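S.K.: Each chain, written out:
2 protein chains.
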Amino acid sequence: MQEGQNAVEAGAASDSQRSEAGEALARLQDIAVFAELPDEVLARIADKIAPYRAAEQTVLFRQGELPEFLYILLSGQVVLDARAADGVETIIEILTPVEVFQLAASLTNAPYLTSARILKEAQLLTIPAALLRQMIEAQPPLALTMLASMSRHYRMLLRQVKDLKLRSAAQRLGCFILGLGRQQGFPQRIKLPFDKQFLAARLGTTPENLSRAFATLRSHGVATSGSHVVVNDPMRLAAFSVPDEAG
Amino acid sequence: MQEGQNAVEAGAASDSQRSEAGEALARLQDIAVFAELPDEVLARIADKIAPYRAAEQTVLFRQGELPEFLYILLSGQVVLDARAADGVETIIEILTPVEVFQLAASLTNAPYLTSARILKEAQLLTIPAALLRQMIEAQPPLALTMLASMSRHYRMLLRQVKDLKLRSAAQRLGCFILGLGRQQGFPQRIKLPFDKQFLAARLGTTPENLSRAFATLRSHGVATSGSHVVVNDPMRLAAFSVPDEAG
DNA sequence: AGGTCACTTTGATATTTTTCAAGCCGGTAC
DNA sequence: GTACCGGCTTGAAAAATATCAAAGTGACCT
Numbered sequence: 001m002q003e004g005q006n007a008v009e010a011g012a013a014s015d016s017q018r019s020e021a022g023e024a025l026a027r028l029q030d031i032a033v034f035a036e037l038p039d040e041v042l043a044r045i046a047d048k049i050a051p052y053r054a055a056e057q058t059v060l061f062r063q064g065e066l067p068e069f070l071y072i073l074l075s076g077q078v079v080l081d082a083r084a085a086d087g088v089e090t091i092i093e094i095l096t097p098v099e100v101f102q103l104a105a106s107l108t109n110a111p112y113l114t115s116a117r118i119l120k121e122a123q124l125l126t127i128p129a130a131l132l133r134q135m136i137e138a139q140p141p142l143a144l145t146m147l148a149s150m151s152r153h154y155r156m157l158l159r160q161v162k163d164l165k166l167r168s169a170a171q172r173l174g175c176f177i178l179g180l181g182r183q184q185g186f187p188q189r190i191k192l193p194f195d196k197q198f199l200a201a202r203l204g205t206t207p208e209n210l211s212r213a214f215a216t217l218r219s220h221g222v223a224t225s226g227s228h229v230v231v232n233d234p235m236r237l238a239a240f241s242v243p244d245e246a247g
Numbered sequence: 248m249q250e251g252q253n254a255v256e257a258g259a260a261s262d263s264q265r266s267e268a269g270e271a272l273a274r275l276q277d278i279a280v281f282a283e284l285p286d287e288v289l290a291r292i293a294d295k296i297a298p299y300r301a302a303e304q305t306v307l308f309r310q311g312e313l314p315e316f317l318y319i320l321l322s323g324q325v326v327l328d329a330r331a332a333d334g335v336e337t338i339i340e341i342l343t344p345v346e347v348f349q350l351a352a353s354l355t356n357a358p359y360l361t362s363a364r365i366l367k368e369a370q371l372l373t374i375p376a377a378l379l380r381q382m383i384e385a386q387p388p389l390a391l392t393m394l395a396s397m398s399r400h401y402r403m404l405l406r407q408v409k410d411l412k413l414r415s416a417a418q419r420l421g422c423f424i425l426g427l428g429r430q431q432g433f434p435q436r437i438k439l440p441f442d443k444q445f446l447a448a449r450l451g452t453t454p455e456n457l458s459r460a461f462a463t464l465r466s467h468g469v470a471t472s473g474s475h476v477v478v479n480d481p482m483r484l485a486a487f488s489v490p491d492e493a494g
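Same order as they appear, the protein sequences are chains A and B.
Numbers 1 to 247, taken from the numbering used here, label the letters of the first sequence in order.
Numbers 248 to 494, taken from the numbering used here, label the letters of the second sequence in order.
A portion of the hints provided could be inaccurate.
Claimed, not checked - Some but not every residue of chain B turned toward chain A, in silico, with C-beta under 8 Å:
1) Tyr299
2) Ala329
3) Val335
4) Ile383
5) Glu384
6) Met393
7) Ser398
8) His400
9) Arg402
10) Leu404
11) Arg414
12) Ala416
13) Arg436
14) Arg483
15) Ala485
16) Val489
What the hints contain is simulated information worked out from the structure, not anything from laboratory work.
Bear in mind that the values here come from a model prediction, so they are computed numbers and not experimental data.
Note that beta-carbon positions come from the ideal geometry of N, C-alpha and C, so glycine has one too.
Take these sequences, add in the hints, and give me the full structure.
M.R.: See the structure below:
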């Protein structure tokens, strides 16, 4: 984290210890991952973790490094990317709040398989890996919470593997758009949450090919203008991109 | 599991309750996932789970079904596969003993994202999903065990995503062979653990393309004959297929 | 408004991968 | 032995994707 450290400002550093902890506790209660934990468990956690703010482009860690922290993204966006030896880069996941990440690496204490950097200025909580392991052992409910979080992430990855192996780039794009629609509701305009070049890397293709994929979707009931997408006929799009059954 | 149920024989059904439980306990102690659990925790688990034997081609479950069991593979091989709407099938993972699988689905109670069938006659333990959740809540050490298992699987999937996005089929094959070599040691002959058609599906390509991938590797120090592979120069192969740093 | 810059699109071309169609083993059955 | 059969390989053609080059678009700055 050498580089990241510098670009990071300690959050609320000027506040008193008490109010900082109180603030952190209040924030934890709002976080879905922690929502079901008893307050006394949260209280014990709250004063151990440092909320902070990180600027765009900050590198949190690089692939190959040993995990130091578990991260919780409170606001902003974080991109997890991986780089081949030849320098080609791909995006594994773009995280939006609220999301816990790098749990598997923190628990196994094995090198990060991805790098992480801030895509949009973010608020983060970090829990030192050793403390995390200790906390999980001491607080059984926390283990359950972490299991739930990891299960969710596992399934996200599994979907991605299926996507890559079974679908064309245009179909992957279709599934992605349908996923967005499900989140935002299906009124009309869906806004892409990030640049198309990032979307391309996330979908495992090139910007050029993504552009052509959008063109392909046009003949399946999808209109686009800039970073806005209108799905005229979700059924038709689904018929083309054959997303997974609900789950 | 309708189909699977029929093809399955209850294991050691004729033995007395006591010795069956004792046998199961002994088996659990040998399983890496459970090795570190205190004996009294194991004992409480042992009599709740049914070890059984399943014949080749038995279908354990199909993608889209709701999870009924957590599975533990004791011997044999199980293949997890996924199928696109057009019938194309790909292999997500081929499991070899000892391996816990379908933990994420069992915990989230969301539909299986893969199907599973027996590739080589197998011995399995199954834990009903509801019981699993209950056990995990009651036995904190078990939650830790499950977290460790899930972390491992998560990272396996993550590697697969990186593989698919960053490497050619020939490079993926190279990484796969290097992985086998690491397991079996690098004397000389490495035996492929399953048919090349399965290997092709596992690597996300076609049998034809896999064949050509083997041909490509020949010029990078890999000799093949049938299902045996000889890596003359692991360094050269690694230079070509650029596997992930250790972890 | 004009200019700049980064992102996006488009076109032409190369590469990779898939598909289809034979052929080629290597084992088993007879 | 010979005939078969499934799995594997090889070749040629088609499709998908990547690459390279150029032009278009829009946002932001002044």
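S.K.: Next step is simple, just say for each hint if it's right about the structure.
M.R.: Evaluation of the provided hints:
Interface hint status for Tyr299/B: violated, as the beta-carbon distance to the closest one in chain A is roughly 26 Å, over 8 Å. Satisfaction of the interface hint for Ala329/B is found here, the shortest Cβ-Cβ separation to chain A being roughly 5 Å, below the 8 Å cut-off. For Val335/B, the interface hint holds, since its Cβ comes within 8 Å of a Cβ in chain A; the closest pair sits about 6 Å apart. With its C-beta approaching chain A no nearer than about 7 Å, Ile383/B sits inside the 8 Å limit, and its interface hint holds.
Because the beta carbon of Glu384/B sits about 7 Å from the nearest beta carbon in chain A, less than 8 Å, this interface hint is met. Restraint check, Met393/B versus chain A: the minimum CB separation of about 6 Å is within 8 Å; hint holds. Checking Ser398/B against chain A: minimum C-beta separation of about 4 Å stays under 8 Å; hint holds. Hint on His400/B holds. Least Cβ distance to chain A is approximately 7 Å, under the 8 Å limit.
For the restraint placing Arg402/B at the interface with chain A, the shortest Cβ-Cβ distance is roughly 6 Å, inside the 8 Å limit, so the hint holds. Evaluation of the Leu404/B hint against chain A yields a held restraint, the C-beta minimum of about 4 Å falling below 8 Å. For the restraint placing Arg414/B at the interface with chain A, the shortest Cβ-Cβ distance is roughly 7 Å, inside the 8 Å limit, so the hint holds. The restraint placing Ala416/B at the interface with chain A is violated, with a minimum CB-CB distance near 12 Å, outside the 8 Å limit.
Given the 8 Å rule on beta carbons, the hint for Arg436/B is violated: about 28 Å separates it from the nearest Cβ of chain A. Nearest Cβ of chain A to the Cβ of Arg483/B: about 14 Å, over the 8 Å cut. The hint is violated. Given the 8 Å rule on beta carbons, the hint for Ala485/B is violated: about 10 Å separates it from the nearest Cβ of chain A. Evaluation of the Val489/B hint against chain A yields a held restraint, the C-beta minimum of about 4 Å falling below 8 Å.
Checked against the numbered hints listed earlier, the structure breaks hints 1, 12, 13, 14, 15; every other hint is satisfied.
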